[in-house]
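Q: Residues per chain are reported as follows:
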Amino acid sequence: MSEMVKKAAFLTDATICIGCKACEVACKEWNEVPADGMDWSGLSYDNTKSLGASTWRHVMFLEQPSVAGPQFADTQDPFRWIFLSDVCKHCENAGCLEACPTGAIVRTEMASVFIQPDICNGCGYCVVTCPFGVVDKRPGDGRAFKCTFCYDRQKVGLTPACATACPTQSIQFGPLEELRERGKQRAEELQGRGYSDARIYDPQESSVGGIHAFFVILGEPENYNLPPAPEVPTTYLKSAWSSALISAAILFAIICVGFGLH
Amino acid sequence: MASSTPKATEERLQQIRQAAAEGHLHADSQTHPRIQGHDSYYGLPALKPPTWTWEVPLYFFLGGISGVSSSIALAAQIFGADPALIRLSLWIALVGAGICPALLIADLGRPSRFLNMLRMFKLQSPMSVGSWVLVAFSGCAFLSVLTNELVLHGHVFFALIGLRWIGEASAALVGLLLASYTGVLIGATAIPVWSQNRRLLPLHFLVSGLGGAAGILELAGFLIPATHFLGFVASGIETAAEILFEFRKSPADAPLHRGRAGFTFLISGILEGPAALGVRLLWGSTPTGREAAAICFLAGALLSRYAWIWAGRASAKLPDDQFAMQRRKLQSREPGVPSKPRVS
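Read top to bottom, the protein sequences are chains A and B. Numbering of the first sequence is given in our numbering, commencing with residue 1 and proceeding in unit increments. Numbering of the second sequence is given in our numbering, commencing with residue 1 and proceeding in unit increments.
Be a bit skeptical, because a hint or two may be false.
The calculated EDC-like cross-link candidates involving lysine to aspartate or glutamate, where the alpha carbons are at most 16 angstroms apart (straight line), are [stated by the list, open to error]:
#1 Lys49/A with Glu32/A
#2 Lys6/A with Asp118/A
#3 Lys7/A with Glu178/A
#4 Lys7/B with Asp36/A
#5 Lys329/B with Glu205/A
#6 Lys7/B with Glu178/A
#7 Lys155/A with Glu109/A
#8 Lys7/A with Glu181/A
#9 Lys7/A with Glu24/A
Stretch-level coverage of chain A by chain B, calculated; a stretch enters the list once three of its residues show a Cβ under 8 angstroms from a Cβ in chain B [claimed, not checked]:
#10 116 to 125
#11 140 to 151
#12 161 to 174
#13 181 to 191
#14 254 to 261
Hint data in this document are derived by calculation from the structure and do not stem from the laboratory. We put the beta carbon where it would ideally sit given N, CA and C, even for glycine.
Bound-form chain B, shown alone (with noise of 0.2 angstroms):
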């Protein structure tokens, strides 16, 4: 859109006299666009693209390993893994938890009225109950670190003993719903493709925190055989994931396969899964595969939630797709039948 000062609008409209003076217009004899059957108003956008800015998609990555950790350390508490690896884990829950909101107020177009999101709980609000779950996860987070680390400091009572698995329990719990909602924020929105696919949306980004909270622990040096499974088990998924986004036909992941964001989509699935998988299959007996194996995979997540991102922009502007998915469902619909809100 041009520039609504007076000079700017002044100069657009020389340029246009020119044009015309010189013979490139002539208004009379053009044919204009003309409109039939079931086209959409000359395929100008019939939705908003998503305004959110670049602090979303990495929230989005941060959230999901920040999630993830806690349920990590409470799986290592469980089954008496190291306590330095539950000592990080528990860690990265609270540094995360730190950074998350910081980027969402920051994404906020008036950030100093980031208490209103908590002015209500309304359940039918993904928004809403991820900003409670982002809360309720920082309490969490610092009471399992705190109690944590007193433990580790030698205050070994009883009841501290019983509030640090409270702490860590309630941390791991909270902490998948905030690797999760993620999926169902995006999921639950006019957008089709991201509403299309919002069966999937929550699993591919629980298991892109999954791989990148293990990845994480291998670089710091946890090269032990429970992360190397959990990076496994996360490329593993994401390879399947990768060939059904590839291979299915859906008309509404069109944006997934074009321009910009059909390109990152397509090199971060490749990172996060076939190139983790292989580099982890091959040369994953040595410290320096299971560490390049981790990178890919983190490298992936995070160029991952911004192809989505950018995806469901490009969606956004694609009426006639939109359109002919619409006419789709309502032949297959049976007639007279109205469609309930809140089911499906």
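Only chain A is shown next, with the shape it has when bound in the complex (with noise of 0.2 angstroms):
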């Protein structure tokens, strides 16, 4: 990626986010986003449980009983009440664009990854090579969808919906690096303000080189299905194939003695 293109961003901050779920409406209604039917989940606010091929926004409701910081709700049973808006994370090393078969898959001049929908044909390989579960095959549709980082208000100029419908700034939308930036600050203010559990989300140290949708969280990752250290599945090639190749040549020569000896 040449230093000339600029590399854009969302950064996403739990401890802004009022849980009003502005931005899956915004992704659903500018991307054009099918209906994907309603369910009461019991949990908390969330009745849309996690992100899909017609869900690019997802808002989680997590109910903590921790109450590290001034941030809790309801004296008589006090707990912690943290809302976040997950999205792709548009990884520099992206499981799914090096798994799809067909090159529908490629990266955006901003950096993004972008699913070509003319282009896909719905084999299902990067569903599974996700670390993050995000891709997914639409029912009735056969092709895989997931966030375009709104590709095409981007290359016009625009801010991506979400962002642009976001009423408190939880959904920063800039430049990766000072994005970046911007979260680490925050997460160091926030600890000064006592909510000693606040990080940002960013695993530069994992297989996936880095994302481009980082989060301010409180609390572990874990507890908004961010895996702790994600792998892009390119990593287990070499093992694989090598284990493919050795066998494959133990067996012949099985045949072999099958056929020479008898």
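Hints in hand, dock the two standalone chains.
A: Shown next as structure tokens:
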């Protein structure tokens, strides 16, 4: 990736989110994403449950017993209520992009990961190679879908729909390194204000090599279904192929023994 | 997920109102589940389960058999075995090469776009490599059957014999890739039960293909020592694998021991391994005994492919296990040293 290209990023801050789901709605409206059913989950105010082929922003509602910092609700039975809008991470080393056999999944000039709907043939391999469980095949349509990072809006200089709709600036959009720095500063600032478990989720140490959508969170990443150590599945290729080639050689030797000795 | 039609939603709302009216729901006094420590997000899946339909495991099974069949044909040719056995092995490979693409195309979300698989060759995508391997295998299997039939019908030219060797050798080579890459395909994914078994899967799938191909030859009447030997080796290795899988305590293996996938995995492992081996040991001297052993193995090999796909689905739905494994890996990793892509 040339340095001339400006990498775009999302910074989503759980400590500012009010759980209004305007991002979910704005995303659906702008991208004309079809409805994908409605069910009562019984899990706080979250009836969306997860990202998927037709859910590209998902607002989580965490109810935590720990009350590090002053953000809590219900004085009778106090708990900490946290909201976070989840989204595709647009990985530096993206499992879906590496695995896509048709070349439908590409890296855009904004360094985001984009599925070209006119090329995808619905083989489903990106679904199982995404370490964040983001991509899915849309029933009835057959192709795989995920957040486009509003590629069409970015092309004409507009901010993605979710960030535009966010009333609290919990979803910020901007240049990658600038937002990464802002996220770090925000986590430090929160810690200084008593939120001792505030942190930025940005797994640069992993084989994913960093993401283009970071999150400022309270508590552990697992609480948000964010993997503590995501791996891009291409790291498994060498050992798997070595095993395949060695096994194939042994197998052919066995067959030769079978016909040679008898 | 409930249907999204307005009528269904309205009916569901009506049900909830009724339940509330009958006193089952007290929104204000109910405590929601709390997320603490390293809990996942209410236990909801953090990975997407495989979307592959019934055609894919069947393809794994048939691709394995036809791939190894062409290797059997080459070895048989090298050591001057019965031409009828060589002929049948080549035909098994060709028939398999005909069925397999149909199964894969049927599984695609957009079958009419199957040719997009050949838009590019991507070494880092086992799905891309596999598509090209299947295309190459079809060509090689066709060439070897064509040249072999011509030779058998009396067209014995030096060039034709040479072409037959080229066809058979390339089909054998590509066939071994076809029978093993499926293990790499599921091994190089984010699904823990698959990726943690990525070193075993290619061998497991190849041996399943070997026992299956030898079994079909036996059922077709080739009750010769060579097929008996291959049947012994395949069921012997599968027995060892079965023992390993059942007794090894790997946290990623949980779906192989639970639920529908676990049950199918156990049955398939017994059929491919101890059952096929035992029948062959005890009654291998009789044709019926050998046929029974072959059927055992074939049934086990087919079931095993379904068990692996179902285990993958179950594995994607165990976020707490998945995160616990990642934390253990993080702790064992040297601090400050990032793992690099395309290594390990």
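Q: State for each hint whether it applies.
A: Here's how the hints hold up against the structure:
In summary, the hint linking Lys49/A to Glu32/A is not supported, as the alpha carbons are separated by about 20 angstroms, beyond the 16 angstroms threshold. Simply put, Lys6/A and Asp118/A have alpha-carbon atoms about 26 angstroms apart, too far for the 16 angstroms limit, and the pair is violated. This hinted pair checks out: Lys7/A and Glu178/A have alpha carbons roughly 10 angstroms apart, not beyond 16 angstroms. Between the alpha carbons of Lys7/B and Asp36/A the distance comes to roughly 15 angstroms, so the proposed pair stays at or under 16 angstroms and holds.
Using a Cα cut-off of 16 angstroms, the hinted pair Lys329/B and Glu205/A holds, with the two alpha carbons roughly 13 angstroms apart. As the CA atoms of Lys7/B and Glu178/A are separated by approximately 48 angstroms, the hinted pair breaks the 16 angstroms bound. Proposed proximity of Lys155/A and Glu109/A is supported: the alpha carbons are some 9 angstroms apart, at most 16 angstroms. For a cut-off of 16 angstroms, the pair hint linking Lys7/A to Glu181/A stands: about 14 angstroms separates their Cα positions.
Straight-line distance between C-alpha atoms of Lys7/A and Glu24/A comes to about 23 angstroms, which puts the hinted pair past the 16 angstroms bound. For the stretch 116 to 125 of chain A, the stated coverage by chain B holds: 7 residues have a C-beta nearer than 8 angstroms to a C-beta of that chain, and at least 3 were required. For a cut-off of 8 angstroms, the count of residues in the stretch 140 to 151 of chain A with a CB near a CB of chain B stands at 4, and the three-residue condition holds. For a cut-off of 8 angstroms, the count of residues in the stretch 161 to 174 of chain A with a CB near a CB of chain B stands at 0, and the three-residue condition is violated.
With 0 residues having a beta carbon nearer than 8 angstroms to a beta carbon of chain B, the stretch 181 to 191 of chain A misses the requirement of three or more and the stated coverage is violated. Check on the stretch 254 to 261 of chain A: 8 of its residues sit with their Cβ under 8 angstroms from a Cβ of chain B, so the three-residue criterion for coverage holds.
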